[in-house]
Amino acid sequence: MNNNLALECRNITKTFGRVYANKNCSLDVKKGEILAILGENGSGKTTLMNMVAGIYFPDSGKIFVNGQEVLIRSPKDAFEQKIGMIHQHFKLVDVFSAVENIALGVDDGNKYKLSNITKKVIEITQRYGFIIDPEKKIYDMSVSEKQTVEIIKVLYRGADILILDEPTAVLTPQETEKLFAVLRRMREDGKSIIIITHKMHEVLSISDRVAVLRKGEHVSTVNTAETNETELTEMMMGEKISLDITRSEPVNSVPRLEVKNITSFNEEGRKVLDDISFTAYSGEILGIAGIAGSGQRELLESIAGLHNLAEGEITYFDPITNNIENLRDKTPLQIRDLGVRLSFVPEDRLGMGLVGNMDIIDNMMLRSYTKGKSAFLERKEPKDLADKIIKDLNVATPGATTPVRQLSGGNVQKVLVGREIASSPSVLMAAYPVRGLDVNASYTIYNLLNEQKVSGVAVIFVGEDLDVLLELCDRILVINSGKITGIVDGRTAKKEEIGLLMVKSTETEGEEK
Amino acid sequence: MFKNALKNKTPLIRVVKRGRDALPWQFGILVRAIAIISALIVSGIIIMMLSGKNPIEVYASMFDGVFGTPRRIWNTLQNTVILLCISLAVTPAFKMRFWNCGAEGQVLVGGLATVSVMMFLGDKLPLPLLLVIMLAASVLAGMIWALIPAVFKSIWNTNETLFTLMMNYVAIQLVAYFLKVFAKDGSGVLKPMPQFGLPVIGKYQFLLNIIIVAVVTVIVYIYLKYSKHGYEISVVGESENTAKYIGIGVKKVIIRTLAVSGAICGITGLLLVGGTDHTISTSTVGGQGFTAIMVSWLAKFNPIYMVLTSFLIVFLDRGAGQIATKFSIPSSISDIVTGIILLFIIGCEFFLTYKIVISKSGREEK
Chain A
581 MNNNLALECR NITKTFGRVY ANKNCSLDVK KGEILAILGE NGSGKTTLMN
631 MVAGIYFPDS GKIFVNGQEV LIRSPKDAFE QKIGMIHQHF KLVDVFSAVE
681 NIALGVDDGN KYKLSNITKK VIEITQRYGF IIDPEKKIYD MSVSEKQTVE
731 IIKVLYRGAD ILILDEPTAV LTPQETEKLF AVLRRMREDG KSIIIITHKM
781 HEVLSISDRV AVLRKGEHVS TVNTAETNET ELTEMMMGEK ISLDITRSEP
831 VNSVPRLEVK NITSFNEEGR KVLDDISFTA YSGEILGIAG IAGSGQRELL
881 ESIAGLHNLA EGEITYFDPI TNNIENLRDK TPLQIRDLGV RLSFVPEDRL
931 GMGLVGNMDI IDNMMLRSYT KGKSAFLERK EPKDLADKII KDLNVATPGA
981 TTPVRQLSGG NVQKVLVGRE IASSPSVLMA AYPVRGLDVN ASYTIYNLLN
1031 EQKVSGVAVI FVGEDLDVLL ELCDRILVIN SGKITGIVDG RTAKKEEIGL
1081 LMVKSTETEG EEK
Chain B
31 MFKNALKNKT PLIRVVKRGR DALPWQFGIL VRAIAIISAL IVSGIIIMML
81 SGKNPIEVYA SMFDGVFGTP RRIWNTLQNT VILLCISLAV TPAFKMRFWN
131 CGAEGQVLVG GLATVSVMMF LGDKLPLPLL LVIMLAASVL AGMIWALIPA
181 VFKSIWNTNE TLFTLMMNYV AIQLVAYFLK VFAKDGSGVL KPMPQFGLPV
231 IGKYQFLLNI IIVAVVTVIV YIYLKYSKHG YEISVVGESE NTAKYIGIGV
281 KKVIIRTLAV SGAICGITGL LLVGGTDHTI STSTVGGQGF TAIMVSWLAK
331 FNPIYMVLTS FLIVFLDRGA GQIATKFSIP SSISDIVTGI ILLFIIGCEF
381 FLTYKIVISK SGREEK
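Going down the list, the sequences are from chains A and B. Residue numbers for the first sequence, in our numbering: 581 to 1093. Residue numbers for the second sequence, in our numbering: 31 to 396.
Don't take every hint at face value.
What the hints assert, rightly or not - Here are the in silico distance ranges between beta carbons for each label pair:
| id | chain 1 | residue 1 | chain 2 | residue 2 | range |
| --- | --- | --- | --- | --- | --- |
| 1 | B | Tyr384 | A | Gln648 | 36 to 46 Å |
| 2 | A | Asp1069 | B | Val181 | 46 to 56 Å |
| 3 | A | Asp1018 | B | Tyr384 | 27 to 37 Å |
In case anyone wonders, no lab produced these hints; they're calculated from the structure. C-beta: ideal position from N, C-alpha, C; glycine also.
Required output: the full structure, derived from the provided sequences and hints.
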């Protein structure tokens, strides 16, 4: 065994049901280095690290720490091996101070004495240059301060190997710089740091080596100094795979929906949409590509009337009446009352698009129940629609009165897409409609979207698989940190080109403007 | 490695949620029957140990207390329909996941409105008109009492459980104040005014109450299951996000549903004061506003099942009262019996939702 290695993963495999999250993954981390783990959504980065941190247990494979084989069955075991992970979602007690949170769950045999702990915490902060008030309550802290507490918590427990899961996703550029300075100081102190990230420029600026994962497999580990953005993107994306999805030329394309300079903030006041403009045309599929959480959800929800805008306009061109309607700041109900035929397949199928405990018929009714003046429900039409969808889309279900929660993911999606298409929309938005679906179900959905396109609907398709986007869409809009970084032609664009647009840094451009 | 080997074992008994394969309905009935029989056996043993009485005799006297004489049967029915009516009132709110714990107060203010009308307008108006005003006043009072927390919830997202609970105390103190001011003799007890009460059908004092509640049951059932309002209540209760996505005005639905909930509570107040007691006291509702929560949950918010569950609760309550007096055993023992039976009945739902897996051996070390 190489004594220089802090952590070694050998042939780790982990499955969830029939899906491989990691397949024969091997990875090593040297003492005193920063290793970046790079990969697309769902490439198994977080799962692999969760196994090292004791959240999951691998199906097969071995983990070595300092050359010794170890079994890590719980986060506690991981701490015994001096491994600590800082998760994307912080796990802090809001009403406690920083020190109290750090002291929580530490069982080092010493008497619990807050002043001693505070002293040790101050020692750590001075050593690595953290800026934090140990007495401050968590609820008074900014996101960046909370993250600092999480890192100190891990250091306090004596971790030598630190895993950070997308630490910069919630930080401003300035905060990111500060974090990186701290990480570099830790490296000098001999700690090994693993950082999971999507952002290419950060990988290049902080890491010593980069490990690239693709579809659960470890592609390669390279020295950061010897590589560049293009090479890493190619490794991340892999070869183009042909899927044979039929794609027809758009006919009679006219503008149907125009989004102009929209900007919006989330609840924490972070900018989630930044000056976005585009036009969706009838009879075409407009793809939206981007790393998860780049603003795709907020964009679609803004159009559907579920997300408030700070600036900008959304205009709808009615194909029948030729009216022009402004959809900004309208509720879904007002949009429907305007006669805008907008269908929306949201990302969260059972939490938003459907009601899990209701049967298929009642879920069909969600879109149509207000029809008619009667105070009572009309279940005949929804039942016919449910039967039609079950038959046309081959939904595997015991019957139309089965609660949708009991259906498998693919069948749930068929029910949802079927319902949204049944209202003969003029704009159809679908967010990750094939996520978690098997090949056959996916093709059913592609065909449905294509049929809509041919019949003149403006289809907006948010996807994560670039191969699918490239074969299905007429144009692909790339979104990155809430900004549009490019709109490319789906027929001629290269996978690497889109990959680069997805990960290239947007902050520097912003400063130049 | 020894330490790891210990950690490695899967626990001997695990609880697993029942999967997609729905249970046959016979299984449900079987489990519930076993629960009731075992409850009777266990509480029988406890009765013998604590009081030395023959459990069979004790159970017989329970039945006697509930069905023994026509008068007892009528009382049982009356208690059942009042409890049922309150349970029906809280159900629309509960289906919407709005935890209305304020039925106690809503019924009481309904009763207070009724008794005020009886007292101040009783000898001034003809009876039919008086009844109409009584109905309107009680419904309005219950509605207002439920609407206050609903409006606060929908505008400022206040916690409805706390708010409705607090409103109960306000209602009780209102009644106490009313009695202090208007009970002329200063005793704090208001003389019954049967001359201004709801009409009596034939010789059966409680028949009208029973008919009214039966009608309310059917209406609530239809409202929840077949009306557009009922559908909106279900969607809001299941997922507020879906409701927004589909364009349901969540605030509007909350306020409207609580108006319905409060109105039915107000009617119950009318039945209690106008149709039963013909007077009011701070204990007129007697905690039934809380018991109704259990009745509604036990019936899984289905108004038809609620007929059964409210009868079950009343049966246990009245039966326990009877054994306490007949065998002159402390009423705490009869309360224990009631508790055990309820525990078994509620507990058996666990076995219908989950199954117990007993693993034969620990997982092997890798």
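Consistency of the hints with the structure:
no.: 1; hint: Tyr384/B with Gln648/A: 36 to 46 Å; result: holds (41 Å)
no.: 2; hint: Asp1069/A with Val181/B: 46 to 56 Å; result: holds (54 Å)
no.: 3; hint: Asp1018/A with Tyr384/B: 27 to 37 Å; result: holds (30 Å)
The structure agrees with every numbered hint stated previously.
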